[in-house]
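**Student:** Residue strings, one per chain:
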Amino acid sequence: MSNSLLSGGKRYWKSSDEFLIANNQENTHQEFSADYDKPPVFESPVTRRTFMALLSASMAVGAAACRRPSHKLVPTVKAVEYRTPGIPNYYTTVYQNGNAAIGVLVKTTEGRPIKIDGNDRHSASMGVSSSRIQASLLSLYDPDRVLRRPRIKGGDSSVNNAISTIADACKVAMADGKSVRVLMHEHSSPSLSALTSEIESKIPNLKFVPLPATIADGSASANMAILGINGEIVPDLSKADVIVSVDADVLGTDKNSVYHIRNFSSKRKPSKKNLEMNMLVAVESMMSLTGANADCRFAVAPTEFEQVLASILKEVLAAKGTSAVGTGVASSVSSASNSHGKKIAEMLLKAGDKGVVVTGAHLSANANAMALCINLALGSIGAGKALDNSHILPNSGVKSTAITALRDELKAKSVGVAIFADVNPEYSGDREMKALIAGIGKRVSLSQYADETSEICSVNLPTTHYLEAWGDAVSFDGTLSIQQPMIAPLNESSISIADAMMQIAKALNPELFTTAATYYDYVRARHQAALPNQAEWELALQNGIIKTTEVISAVTPIVNEAAAAQWTSISSNAKSGKTIAHIHLSPNVYDGDMANNGWMQELPNPITKVTWGNIAAMSSKTAAAMNAAIGDMIRISTANGSIEVPAFVQEGMADDVVSVMTGYGRTAGGKVMESVGANVYKLLGAGESLGYISVTLEKTGANEVIAVTQGHNSIDGRDIVRDFTLAEFAAGHAKAEHPMIPHDLSIVDSYEYKGHRWGMTIDMSACIGCNACTTACQAENNIPAVGKDQVIKGREMHWIRLDRYYSTDKEGNVETLFQPMLCQHCENAPCENVCPVAATTHSPEGLNEMTYNRCVGTRYCLNNCPYKVRRFNFLNWHKNEKTPMDLVFNPEVTVRMRGIMEKCTFCVQRINEAKFHAKDHGRSRVNDGEVITACQQACPAGAIIFGDMNDKTSRVYASKNTDDRNFRVLEELNVRPSITYHGKIRNKSVVKA
Amino acid sequence: MNVTDTINQDKTPPNGHNGATMMHSAFEEPFREPLVLGNPSLHDVTEKISSIPVLTPNLKYMITLFVFASMALWGLGCMGYTIATGIGVWGLNNPVGWGWDITNFVFWIGIGHAGTLISAILFLFRQKWRTAINRSAEAMTLFAVLCALIFPLLHTGRPWVAFYWLTPYPNQMQMWVNFRSPLVWDVFAVSTYGTVSLLFWYIGLVPDLATMRNYVKSKLGQTLYGIFSLGWTGSMRHWHIYEISYMILAGLSTPLVLSVHTVVSMDFATSVLPGWHTTIFPPYFVAGAIFSGFAMVMTLLVIAREVLDLKQYITLKHFDNMNKIILATGMMVGYAYAMEFFIAQYSGNPYESSVFINRASGDYAWAYWIMVSCNVISP
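Chains as they are written, first to last, in the working numbering: chain S, 1081 to 2073; chain D, 1333 to 1711.
Hints were generated in silico from the structure; no laboratory data involved. C-beta: ideal position from N, C-alpha, C; glycine also. Hints should not be assumed to be uniformly reliable.
[Claimed, not checked] Rough simulated footprint, nothing fancy, chain S against chain D, three-plus residues with beta-carbon under 8 Å:
| # | region |
| --- | --- |
| 1 | 1563 to 1569 |
| 2 | 1596 to 1606 |
[Claimed, not checked] Not close to chain D: a few residues of chain S, all C-beta gaps over 10 Å, as computed:
| # | residue |
| --- | --- |
| 3 | Asp1601 |
| 4 | Gln1608 |
| 5 | Gly1874 |
[What the hints assert, rightly or not] If the Cβ cut is set under 10 Å, some of the chain S residues that face chain D in the computed set are:
| # | residue |
| --- | --- |
| 6 | Arg1715 |
| 7 | Val1828 |
| 8 | Tyr1831 |
| 9 | Lys1873 |
| 10 | Arg1875 |
| 11 | Glu1912 |
| 12 | Asn1933 |
Bound conformation, chain S alone:
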């Protein structure tokens, strides 16, 4: 199967199975989806009665069953200001990914938000977004969040009652000499910080403690010790030529991944004229998205990270001298020796002060300190450098001290009331924390969902979504944004956490907040100085950022040499035990905050392509050692607990490491998230969080079908993806493999496209595989999530499938390629001529159009599509969508009923909108850049270019006609796709600019 026609020897594969088959190691060929042999008839058990009912109804049912559910239209009695029916309004606000602020622009129609995109004026977003930002829209309309009521001791209540009950409880506790602790999630809001300190100062027994689900203090501790900065420095990857990532998933689960991807990919698009390109080196034990995009990747055991870093540090100091960090450091790493480290140091030294090492904050403080010293020695820290020491992630300081203090208080039973403000320690806490919480006298929960912690709280108060509440947020570079609500709280008995805290505090101390009735007033008053009048306030809301005159400038870092010397020694707390589990964040549901979001659950993991649940990813060697096949349930145990997850063989894993994601295994709070996957937090002991723990693995004997969207198809050596090294590209090899295929085989003349002709290019070199396009497309085009069972059957509906391929380099290291695969809008579309009812046809502008109303669902087009990008509504996926879930729909796009085929439309609704706009302005043509597809808009890598191929000045024309890397997938079929791809370039040797 490796005898490819076209791909010239290099072999690509999609799943480990396919690789094994090709090597004749195993004789099972997963050509079909995992449950192909399951009986498909009757999803639910059919009783005698159901059967008889079906039987008797079967005659009439053909006519009766086929109606869409009817809805009543309610006219607006009072006209609403600023609203023209059918014309969307755009408002800015700010999304907080933990403590990272990302400015967004929200599209609202008829008063309801229907799409979230990045705000191009905001420095952390720059107009692009992530799948999590896109999907946060769906959480707004989540019935499990909206249809909740405040509850006191299990009975329904009101917001006011709940707040006074909480306040009374606090009063009682304080009178009793006990304290009140408010446990908060991470945030980046200066107003909220001010609010909490104001409350703390006026109510001495009340204190706010950060208790996020995951804690990673390594980086902040190192920065604190050596630079005196209590926080994490946010790197600017666009300023680096060589980036060394030591277990830092900057492109994946980092809170600022959008910003990092944008910067990283901006230097991944070399052309013949400009060969400049950055280089990413990854050292990691699991296969992360960052590792998958690395030009050079080293899979090492987690115990080796410090060795590698020490070795790099030693080499760098040897070359650059010790003046930056002091001689003490040199002596503490003098014994280090590591072959990977030496190679990496060589690459870094070539880049000089444009070389930067980033480390995972979950690694030890020592590892982080070593990386810091390397950067100091290289000179890459400072104003205007890749690591600007004024770019500190807000509220990213060391948290473990405060949490340890809290544990001590809880142990001493001095806490009378605990208020859980959007934190869920009953789910995410370690074993000790859960036991301590159980001992608190009065527990109160302020949360969006009736989650695990709410269940053990006597008062439950629903809180608002970020699109429903006022607030503000500051990003690492000081960009300040106002968070403005898009819609009144859908849950009428919900309240924002800040408002709730204000009211509780006011009840405890009437001196507080005498001038501000609500949190909005508080925020407004805080920004009074910067925005003195209403016009300026409105301008700030319009821009999404507050222009501050105050510019934070980086000063030359002052290094505490003694601390540097102390912290750079290799720490002795190496994990014992044979197998190490890597606890890491899920790129989709993260620490569990988005677990009830169907879009996020169904979004395939960028690397494993697993949906709906977590897995125990391990190398094939590790799996073979315990005789585990994919899907065999593995019990992972520690002294604190055990979980059972299905085994998954993953390329590029270090041996004896098993990686498991957080965020799954929820037991309460929402229909979507409950009993999906396993709760990794159960494995943790006191103080443990993200990172590495020693575990024991055993097979339980059971097995589970993993809902993986890729891996059950094989490519059989087709020429689908192409990659080159930068040297090969420079030498002109990128074009060498173009197959000699005649393009004019038809006996009739090709159609002449006189007006627009839409086309797209996708740069596989820039694409990092983050999935933002998939979710953006889902939000724009009303694409349903179908659930785990249906994904297992291969019926996922995403219009963009982010294909992931593996290959190996000359040394045998695994390389990864990403290729977003969507409808190619072929000129000779094989789907079009087989449709009996002409439901899919070609438009005069080159679109492959799908007429839903005409489709009868023969699925012939699906069979005949060589790219397999057509999606069929096998069932009525919208059947279980409850109000207010239906408000999320984009009114410009038809919601498809069952029995209908669908696929990418090139966002035809956006094309038409642009055409109307052009017509309004008296133009006959749409200008380049006026139509931006949803995927293109979201793509943080800027990998997608869409436009008019007939317009010789358009970006897409230039991209298709001047780029040497341009190729068409499956060109030999002569279907002439309108989408072309640019082959991936890997930078295997440092090229100095």
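Starting from the known structure of chain S, arrange chain D on it as the hints suggest.
**Tutor:** Using the frame of chain S, we list chain D on its own:
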């Protein structure tokens, strides 16, 4: 079972008609096995055959009816469930958009071929042994075409619109069907085939209906048979017109035997899928159709012969003849199987080869080898 022949006893037999020769075949062709055993008179044949629809059904018949009616009802229930819930209740997925639905369609259409072949081609070739089985074969064809029509309709996502949107008719949407689609060709091929088969069956049945009209005692039976026998009196003129029209219809349906499955095969042959995109499909499908059609006729007749006590009329000789055709078409199909593999390898197309290697050794290898052993080795 052809009752027509029995009429000849009472009416003047036209020269050279099957019925007359059948009776005398034992004398004219002494070296051949007789087509009917026991040398019954024409009246005996009429009595025997005509009594079947009139007499109270026997126990064997009732049991058979019960078994098959239950199966049909179960099928009806499943269809209702499919239409009410959606096509997703089947195991279809992406990229395998078609499954048993289209397999069944091709299967039933193929089976239908035996009827036409027996009626038309064997008639034109003057194969006299066909008369014992042609009526049942034609009836089976009709029901097979009906069954075949269920599946393409049921397999669509929205059968409630598919059943008329696939036909070209002037409509308010100002839409025509897409004539480039093989599925539309199917609609034409199958509907033509169905119509011609129906006409052929009915025209052939007219003299028999007249016999039944004369035979039945009930008023209702007489009226209904009377209406459908179109005033048949058995006059020379009637026989003359009958013979001519039968011949014309036989001529018309002969190309259909070849065309229908050729068109059906184009559903696959015109696609871009490796393993489907091959030119061997039309002859291969036709041979397979005749093969399976004869097998189905035999399956049904084995039951009918036992249940309705017709061993005298449907003899082993008939089975022997049909077996010869099955053997011939089975070999053709076997050749096609082999040729597919050869071409896949010879073309040098790795995707094509991969499909075939996978077909013989992949997940569905068991099905493939059952097919090969049943279709090629065992006949």
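**Student:** So which of those numbered hints doesn't the model satisfy?
**Tutor:** The structure conflicts with hints 1, 5, 6, 7, 8, although it agrees with all the remaining ones.
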